[in-house]
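Student: Fit chain B to the supplied structure of chain A, relying on the hints for placement.
Chain by chain, the residues run as shown.
2 protein chains.
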Amino acid sequence: MLTITSRENKLIKHMAKLSQNRRYRYSSGEFVTEGDKLSWEAAQSLGKPLQLLVTQQALNKGGEALEFLMDKMQEQAVLIPEEISEKLTAAQTPQGVFCLWQMPENMPKMQDISKGKYLVLDGLQDPGNVGTIIRSCEAFGLDGVILSASCPDLYSPKVLRSTMGGIFRLPVYVCDNLVQAVLQLREKGFQVYATALSEDSRDITQIEWSDKAAVVIGNEGNGVSREILESCEQPSVIIKMNGNAESLNAGVASAIVAWEMVR
Amino acid sequence: MLTITSRENKLIKHMAKLSQNRRYRYSSGEFVTEGDKLSWEAAQSLGKPLQLLVTQQALNKGGEALEFLMDKMQEQAVLIPEEISEKLTAAQTPQGVFCLWQMPENMPKMQDISKGKYLVLDGLQDPGNVGTIIRSCEAFGLDGVILSASCPDLYSPKVLRSTMGGIFRLPVYVCDNLVQAVLQLREKGFQVYATALSEDSRDITQIEWSDKAAVVIGNEGNGVSREILESCEQPSVIIKMNGNAESLNAGVASAIVAWEMVR
Numbered sequence: 042m043l044t045i046t047s048r049e050n051k052l053i054k055h056m057a058k059l060s061q062n063r064r065y066r067y068s069s070g071e072f073v074t075e076g077d078k079l080s081w082e083a084a085q086s087l088g089k090p091l092q093l094l095v096t097q098q099a100l101n102k103g104g105e106a107l108e109f110l111m112d113k114m115q116e117q118a119v120l121i122p123e124e125i126s127e128k129l130t131a132a133q134t135p136q137g138v139f140c141l142w143q144m145p146e147n148m149p150k151m152q153d154i155s156k157g158k159y160l161v162l163d164g165l166q167d168p169g170n171v172g173t174i175i176r177s178c179e180a181f182g183l184d185g186v187i188l189s190a191s192c193p194d195l196y197s198p199k200v201l202r203s204t205m206g207g208i209f210r211l212p213v214y215v216c217d218n219l220v221q222a223v224l225q226l227r228e229k230g231f232q233v234y235a236t237a238l239s240e241d242s243r244d245i246t247q248i249e250w251s252d253k254a255a256v257v258i259g260n261e262g263n264g265v266s267r268e269i270l271e272s273c274e275q276p277s278v279i280i281k282m283n284g285n286a287e288s289l290n291a292g293v294a295s296a297i298v299a300w301e302m303v304r
Numbered sequence: 042m043l044t045i046t047s048r049e050n051k052l053i054k055h056m057a058k059l060s061q062n063r064r065y066r067y068s069s070g071e072f073v074t075e076g077d078k079l080s081w082e083a084a085q086s087l088g089k090p091l092q093l094l095v096t097q098q099a100l101n102k103g104g105e106a107l108e109f110l111m112d113k114m115q116e117q118a119v120l121i122p123e124e125i126s127e128k129l130t131a132a133q134t135p136q137g138v139f140c141l142w143q144m145p146e147n148m149p150k151m152q153d154i155s156k157g158k159y160l161v162l163d164g165l166q167d168p169g170n171v172g173t174i175i176r177s178c179e180a181f182g183l184d185g186v187i188l189s190a191s192c193p194d195l196y197s198p199k200v201l202r203s204t205m206g207g208i209f210r211l212p213v214y215v216c217d218n219l220v221q222a223v224l225q226l227r228e229k230g231f232q233v234y235a236t237a238l239s240e241d242s243r244d245i246t247q248i249e250w251s252d253k254a255a256v257v258i259g260n261e262g263n264g265v266s267r268e269i270l271e272s273c274e275q276p277s278v279i280i281k282m283n284g285n286a287e288s289l290n291a292g293v294a295s296a297i298v299a300w301e302m303v304r
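Residue numbers (the numbering used here), protein chains in the order written: chain A, 42 to 304; chain B, 42 to 304.
Extracted from the complex, chain A is given alone in its bound form:
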């Protein structure tokens, strides 16, 4: 087993920068997963990691997920001290396990969608929300999640972590032009609803979902943008609330919508 002890080591600096910098991730085409479980999930989809870094404390703790990863890497695994784990971590309590990955070459493409049920995220802000939504959609059995490019990056540590691995099992489509993506779906015969409150909004429980359906979730503060709203079916849909709350958490609203689409 190899050992790295210097925080100035080239690989350590590379991996730290990958966790912090979206542009650097895409220019190098690599990303980092943290934690044994998330890295295990990544390996199920992506195979063998480029690198596995692990602390003695994590090795002592062991566990099936880490054993599986160590098995894959054998003597290529790299032992790192706690202080490097703390440099690399994006979490409050580092787990001492880091894998380096090549981004998948074939990202899912909108033109490959012919039917199915999708959530569309229009400019969400919070990485935890985006990750949680991907996790929920995968859990409920939706066919994918479509993101505007203005959402947090999929390969940021917070998004990855909050997907709990769902990102490695569910197709996620990132669109530079979300209006165009919505119009493309509608041309293919999709129902595409925006979630928005208007006088004639339809109760989400009253929709008959076809096998070509998508629902747009808007930004946490501002909701669905006007251009998207106008590109969707009219009227919009809402989650009916009995209390006095102004709104739901975006992760919760998305989960309710996804649940209703497959319930």
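The reader is advised that the hints may include incorrect statements.
Which copy? The list can't say, so a pair holds if one copy fits it or any two copies do.
[As the list claims (entries may be wrong)] As a list, the in silico BS3-like pairs of lysine-lysine whose alpha-carbon atoms are at most 25 Å apart:
1. 89 / 156
2. 156 / 281
3. 51 / 89
4. 51 / 229
5. 281 / 253
6. 199 / 229
7. 51 / 102
8. 78 / 281
9. 229 / 102
10. 281 / 229
11. 54 / 281
12. 156 / 78
13. 102 / 156
Just so you know, these hints were derived from the structure itself, not from any lab.
Tutor: Frame of chain A, contents of chain B only:
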């Protein structure tokens, strides 16, 4: 309008400690809300705050919620510099508005529950989850949330913030002995289900909810504790998932359950 400029001012130290220390909150019987919206929500339920601290930047930004609070306090409002706002804040970007409150004297009591629909939180860990669950339950029109004392404190800044004010509109019951609370509910004729996976778990969509119903949500990592599980109806209930996810985010699972109870 009064002005405080010293970080060592007694009131500033008191309010900072209230935000950080659960025991101190309960020994002094006071708590702090941060932000104009949350403080406005608190005022709807609790009346006039003991103190209102505001930065010049927040005053310049203005808004209805802050105007309402300033109106209540008149010349008793206190102007603070940004550096004190940064000392007091529990958020990443301080909003420059802080209110000090007396805790309500009459906390809701389990013995007052005679019917209705409730979520029961058994040892949840994450303050954001607890707050989000209270927000969702209030939004969907449940009658209350019941917490084990091992959950994060209701008056911690993170819980308060993530309730988005729901905590000031929904009865929340905190129980030292959650097993006893569950048994009390059952004696009153409540259905009390635990959410747990077992061979014969019932699909949550198949339950006929009476007007006396409660569902227990377990800890993020370990689920519902054994003693609680044994005190509930048999079998337990589950949220059926089609994907390969091991679990849902606790806030999401709770929202789906609450939604199903009132749908």
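Student: Up to 25 Å between alpha-carbons, please classify residue 51 paired with residue 229: within, between, both or neither.
Tutor: For residue 51 and residue 229, the Cα distance exceeds 25 Å both inside one copy (48 Å) and across copies (66 Å).
Student: My question is about residue 51 and residue 89: at a cut-off of 25 Å on alpha-carbon distance, are they close within one copy, between copies, both, or neither?
Tutor: within (21 Å within a copy, 58 Å between copies)
Student: At most 25 Å between CA atoms: does that hold for residue 229 and residue 102 within a copy, between copies, both, or neither?
Tutor: neither (51 Å within a copy, 46 Å between copies)
Student: Using 25 Å as the alpha-carbon threshold, which applies to residue 54 and residue 281: within, between, both, or neither?
Tutor: neither (49 Å within a copy, 43 Å between copies)
Student: From the Cα coordinates, with 25 Å as the cut-off, is the pair residue 89 and residue 156 best called within, between, both, or neither?
Tutor: For residue 89 and residue 156, the Cα distance exceeds 25 Å both inside one copy (32 Å) and across copies (55 Å).
Student: Could you figure out if residue 199 and residue 229 sit no more than 25 Å apart (CA to CA) within one copy, between two copies, both or neither?
Tutor: For residue 199 and residue 229, the Cα distance exceeds 25 Å both inside one copy (34 Å) and across copies (44 Å).
Student: Regarding residue 281 and residue 229, is the shortest C-alpha distance of 25 Å or less found within a copy, between copies, in both, or in neither?
Tutor: Answer is neither: 29 Å inside a copy and 30 Å across each miss the 25 Å cutoff.
Student: For residue 102 and residue 156, with the copy left unspecified, which applies at a CA distance of at most 25 Å: within, between, both, or neither?
Tutor: This pair counts as neither: shortest intra-copy Cα distance 45 Å, inter-copy 47 Å.
Student: Reference check for the pair residue 51 and residue 102, CA-CA at most 25 Å: within, between, both, or neither?
Tutor: Neither, since 27 Å and 46 Å both go past 25 Å.
Student: Is it within, between, both or neither when you check residue 156 against residue 78 at 25 Å Cα-Cα?
Tutor: neither (32 Å within a copy, 42 Å between copies)
Student: Checking residue 156 and residue 281: alpha-carbon separation at most 25 Å within a copy, between copies, both or neither?
Tutor: Answer is between: at 23 Å across copies they meet the 25 Å cutoff, but 27 Å inside does not.
Student: Between the shortest in-copy and the shortest cross-copy C-alpha distance, which are at most 25 Å for residue 281 and residue 253: within, between, both, or neither?
Tutor: Both: 23 Å inside a copy, 22 Å across copies.
Consistency with the previously given hints fails for numbers 1, 4, 6, 7, 9, 10, 11, 12 and 13, ordered from lowest to highest.
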